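S.K.: Below, each chain spelled out in residue letters.
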Amino acid sequence: MATNGHEDGHNHGDNAEYYSLRAQAMQALLIEKGVCTLDDILTMADKIDSRSPEDGAKILAHAWVDPEYKKRLLADAESAFLELGYDLPETSPKITVIENTDDVHSMAVCTLCSCFPRAIIGRPPAWYKGLAYRSKVVVDPRGVLKEFGTELDESVQVRVIDSSADYRYLILPKRPAGTEGMIEEELAKLITQDSMIGVGLALSPESVKAS
Amino acid sequence: MAANVTEKFRIGDQVRIRVGVPPTHFRTPEYIQGKLGRVQTAWGAFPNPEGLAYGKDGLPAQPLYLIEFAQTDLWRDYKGAASDTLMIDVYENWLETI
Numbered sequence: 001m002a003t004n005g006h007e008d009g010h011n012h013g014d015n016a017e018y019y020s021l022r023a024q025a026m027q028a029l030l031i032e033k034g035v036c037t038l039d040d041i042l043t044m045a046d047k048i049d050s051r052s053p054e055d056g057a058k059i060l061a062h063a064w065v066d067p068e069y070k071k072r073l074l075a076d077a078e079s080a081f082l083e084l085g086y087d088l089p090e091t092s093p094k095i096t097v098i099e100n101t102d103d104v105h106s107m108a109v110c111t112l113c114s115c116f117p118r119a120i121i122g123r124p125p126a127w128y129k130g131l132a133y134r135s136k137v138v139v140d141p142r143g144v145l146k147e148f149g150t151e152l153d154e155s156v157q158v159r160v161i162d163s164s165a166d167y168r169y170l171i172l173p174k175r176p177a178g179t180e181g182m183i184e185e186e187l188a189k190l191i192t193q194d195s196m197i198g199v200g201l202a203l204s205p206e207s208v209k210a211s
Numbered sequence: 001m002a003a004n005v006t007e008k009f010r011i012g013d014q015v016r017i018r019v020g021v022p023p024t025h026f027r028t029p030e031y032i033q034g035k036l037g038r039v040q041t042a043w044g045a046f047p048n049p050e051g052l053a054y055g056k057d058g059l060p061a062q063p064l065y066l067i068e069f070a071q072t073d074l075w076r077d078y079k080g081a082a083s084d085t086l087m088i089d090v091y092e093n094w095l096e097t098i
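From first to last, the protein sequence lines are chains A and B. Using our numbering, the letters of the first sequence map in sequence onto residues 1 to 211. Using our numbering, the letters of the second sequence map in sequence onto residues 1 to 98.
Honestly, I wouldn't trust all of these hints.
Capping the alpha-carbon separation at 27 angstroms, the derived lysine-lysine pairs in BS3-like fashion look like this [claimed, not checked]:
no., chain 1, residue 1, chain 2, residue 2
1, A, Lys189, A, Lys146
2, A, Lys209, A, Lys146
3, A, Lys174, B, Lys79
4, A, Lys94, B, Lys56
5, A, Lys189, A, Lys33
6, A, Lys136, B, Lys79
7, A, Lys136, A, Lys146
8, A, Lys129, A, Lys47
9, B, Lys79, A, Lys146
10, B, Lys79, A, Lys129
11, B, Lys35, B, Lys8
12, B, Lys35, A, Lys136
13, A, Lys209, A, Lys58
14, B, Lys8, A, Lys94
15, A, Lys129, B, Lys35
16, B, Lys79, A, Lys33
Stretch-level coverage of chain A by chain B, calculated; a stretch enters the list once three of its residues show a Cβ under 8 angstroms from a Cβ in chain B [to be verified]:
no., region
17, 61-73
18, 136-143
Rather than coming from a laboratory, the hints here were simulated on the basis of the structure. Predicted, not measured: the structure shown is a model, and the values here were computed from it. Backbone N, C-alpha and C fix where the C-beta goes; we use that ideal spot for every residue, glycine too.
Please put together the full structure from these sequences, using the hints given.
M.R.: What follows is the structure, given as structure tokens:
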């Protein structure tokens, strides 16, 4: 793994200090050249920081309890987000939702950089931006799942989604067994950031009670 | 999304990803280049990032497709199940008809 920014020009996740300085330099240049204002940058950062995995969990838990909503979410995610009061900033890339089922398990990555459904679940975790995850998950997704402690049956199809362009992918995890009687707010606590990226499954109700 | 752009490919079409490493910004990773995949979704057209990256308008807009590959077609030594796949968005100017 690179120890400084010169060994690998595109390794966002692993050299926080170097990239922080570089971001500051770019911000100063953008403002100086009149591309955008400091206010534009701060407003956008605030918008991204106002969203967190809890927002995604709330939306996806609603899809678990309302099959009609789930249909609309999978067909047109952005309209379905709006129904629950979540609007995307005009500059946000498109977002679509992919459902994990008994037969197919999807997991998201951005091999080129760090594309992520930020407008709904905020900033990605550091490992998501790191070279290790980005390079390994496309070649050996089942090995990565094991590293995250996720056990899948060999019969389940594993599908990696590399978000390389204008769409960002939010994973709707499979609803765990034993959650039939649970209300939406309780269900949302089972939906982790890992499960919305697809490296994990939704938590079991037992594991939440135990913690 | 830009209107009035005709999509050349339909869902289910088999396509080959063009091979090329232009000395510019591009979004088609080399690990899918030259590989055969299938159109899973047609997303409509978007300004071409190869122009946008240099402050241009990215027009004409490029139809964008979600392409699905068999993992065993991407990696000779793939260790997972034969049914495993990988999906990635690719702009039409990188797709070749079989």
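S.K.: Each of the hints needs a verdict: does it hold here or not?
M.R.: Hints and how they fare:
no.: 1; hint: A:Lys189 to A:Lys146; result: 23 angstroms, holds
no.: 2; hint: A:Lys209 to A:Lys146; result: 24 angstroms, holds
no.: 3; hint: A:Lys174 to B:Lys79; result: 24 angstroms, holds
no.: 4; hint: A:Lys94 to B:Lys56; result: 21 angstroms, holds
no.: 5; hint: A:Lys189 to A:Lys33; result: 45 angstroms, violated
no.: 6; hint: A:Lys136 to B:Lys79; result: 12 angstroms, holds
no.: 7; hint: A:Lys136 to A:Lys146; result: 12 angstroms, holds
no.: 8; hint: A:Lys129 to A:Lys47; result: 20 angstroms, holds
no.: 9; hint: B:Lys79 to A:Lys146; result: 13 angstroms, holds
no.: 10; hint: B:Lys79 to A:Lys129; result: 24 angstroms, holds
no.: 11; hint: B:Lys35 to B:Lys8; result: 19 angstroms, holds
no.: 12; hint: B:Lys35 to A:Lys136; result: 19 angstroms, holds
no.: 13; hint: A:Lys209 to A:Lys58; result: 19 angstroms, holds
no.: 14; hint: B:Lys8 to A:Lys94; result: 22 angstroms, holds
no.: 15; hint: A:Lys129 to B:Lys35; result: 26 angstroms, holds
no.: 16; hint: B:Lys79 to A:Lys33; result: 50 angstroms, violated
no.: 17; hint: 61-73; result: violated (count 0)
no.: 18; hint: 136-143; result: holds (count 6)
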